[in-house]
Amino acid sequence: MGKINTFEQLFEECISKNKQIYEIAQENMAQEGEITVEEVRVFTNKSLFAMKEAIQSGMASKELSMSEMCGQDCWRLQTRYKKERAIFGNTFEKIIEYALATSEENIRMGKIVACPTAGSCGIVPAALVAVSEDYNHSEREQINALITAGEIGRIIAAKVALAGAVAGCQAECGVASAMSAAAICQLRGGNVSQVLNAAALALKNILGLTCDPVAGLVEVPCVKRNPFLAVHSITAAELALADIKSKIPFDEVVDAMEQTGALMSPTLKESSQAGLATTKTALEVQKKVFG
Amino acid sequence: MKKTTLFDIISPIMIGPSSSHTAGAVRLGLLAKNIYKNKPKKITFKLYNSYAHTGKGHGTEKGLLAGVLGLRVDDRRIKNIFESDLAKSIEYEFQYADNFKQHPNAVEMTFEGETNMFIAGESVGAGEIAIRRINEFNVKLTGKYNTILIVYKDMPGMISQVSSILQYHNKNIASLNCDRNAKGKEASMIISIDGAIDNDIVKLIQEIPEVYFVSYIEKLEN
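Line by line, the protein sequences are chains A and B.
Going by this note's numbering, the first sequence opens with residue -8, and the numbers climb by one from there.
Going by this note's numbering, the second sequence opens with residue 71, and the numbers climb by one from there.
In case anyone wonders, no lab produced these hints; they're calculated from the structure.
Only a predicted model underlies this, so the values are computations on that prediction, with no experimental measurement involved.
Careful, some of the hints might be misleading.
Beyond 12 angstroms from chain A on every Cβ pair, some chain B residues (computed) [unchecked claim]: (1) Met84; (2) Asp144; (3) Asp155; (4) Glu256; (5) Glu277.
Straight-line C-alpha distance at most 25 angstroms; calculated SDA-like pairs for lysine to any residue [to be verified]: (6) B:Lys116 x A:Val28; (7) A:Lys279 x B:Asn208; (8) B:Lys149 x A:Lys150; (9) A:Lys150 x B:Val194; (10) B:Lys255 x B:Lys214; (11) B:Lys116 x A:Lys150; (12) B:Lys214 x A:Val28.
All residues carry an ideal CB built from backbone N, CA and C; glycine is no exception.
Isolated chain A (complex conformation) (with noise of 0.2 angstroms):
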């Protein structure tokens, strides 16, 4: 078996040996780690069940990160829907839940699952498990997608460093939602091709976003963008088990973010010299957190 390093090729296997993703994904790394299947599956379980517990601290957790900027937002998230319910209804609220739960818990040290950076950690967690949760998947189903979720960021990462320095946000958050959209697509049925457009389309969608951490600190953005880009994927994923296409085939997608990465002036990769980061208010912030 060739290595597959282009959606291209893992389309082409999935169809040609009539499996799905996770299949030939965990096929793929058994080999590579010389391991078998089940070790893969038991590895991405302890993956899986450390996602939940972070959900768990963190929707549990009022406190502060060191810098003050963060670590709240989820417990004000939970307190308006004691009161009044969110306008898309339940799953939707777990989601934007869920994904700041993680990223608040990853923001004040405690344990995350870097998925596929630490600074992208609520993204795949928060849609996978609210999901899951609300259409009772199996946690054989869930692993099934986090498997999947797995392979498209690995074959985005051949390619792309999937590092803010390297190509801004896209790598991080962007390739996280991709990976997402492809989960929730595998969880809810789609095809292999359904599952590679839901990525395409949600990586396709973000092109061009800069990584401006105010202070230098993974949290502003970063804590936010997580539930706008948890959300994000379950767009892409609700399109793509319609059927809809992108029209940009996901390989050349992934070009074009390598492209756009390399274009990105450095002061807005991971440097902190521009955007957000350079405002009047976060260089105040920076001013009070490191003197």
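Start from chain A and add chain B according to the hints.
Showing chain B alone in chain A's frame:
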């Protein structure tokens, strides 16, 4: 660079907020601990550049200290490490500096105790790290392989003597790097191996007359 695997994307399970500034710091500390081996009396950490400037907001200092005290990247005790009994068992100090010649996320660790040791390293991104200097020797240790560090008299035939011992015990060398401070004086050899080795092999290398010092450095688990 090692290619990214499925597991890399859906892990690590770690204490936040940053893979390079928190998890990477823990791993640098852990690997330094594996190199120093003994319990130090005092450790001085000198943080450079981005580590110095934004470390405080990312728990970089906590991560480094937790690492040298043996905590793993997902240990919840990292957050309050300064208040822990574990931290009270040793002295430590943090210093900060700017130096554009250094990596953005560089740290120098000076261990004092029965022996003194200087260990410098970098957090190179996504939690990956590299130890770049041990005492006066340039090295490259990533924590991904079990590694043998040998300091010896710089003279012909040393590599072959060491490699023949490994060959005899059927150990495969993944990589080998040498450095020396001056011709004919001290040299260092870093051998990364597939699998693990036992103490007998370390002893055999130690018995080579021109070898001053051998250390077996275990790889990091995650």
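Output the numbers, in ascending order, of every earlier hint that fails for this structure.
Of the numbered hints given earlier, those the structure breaks are 1, 2, 6, 7, 8, 10 and 11, listed in rising order.
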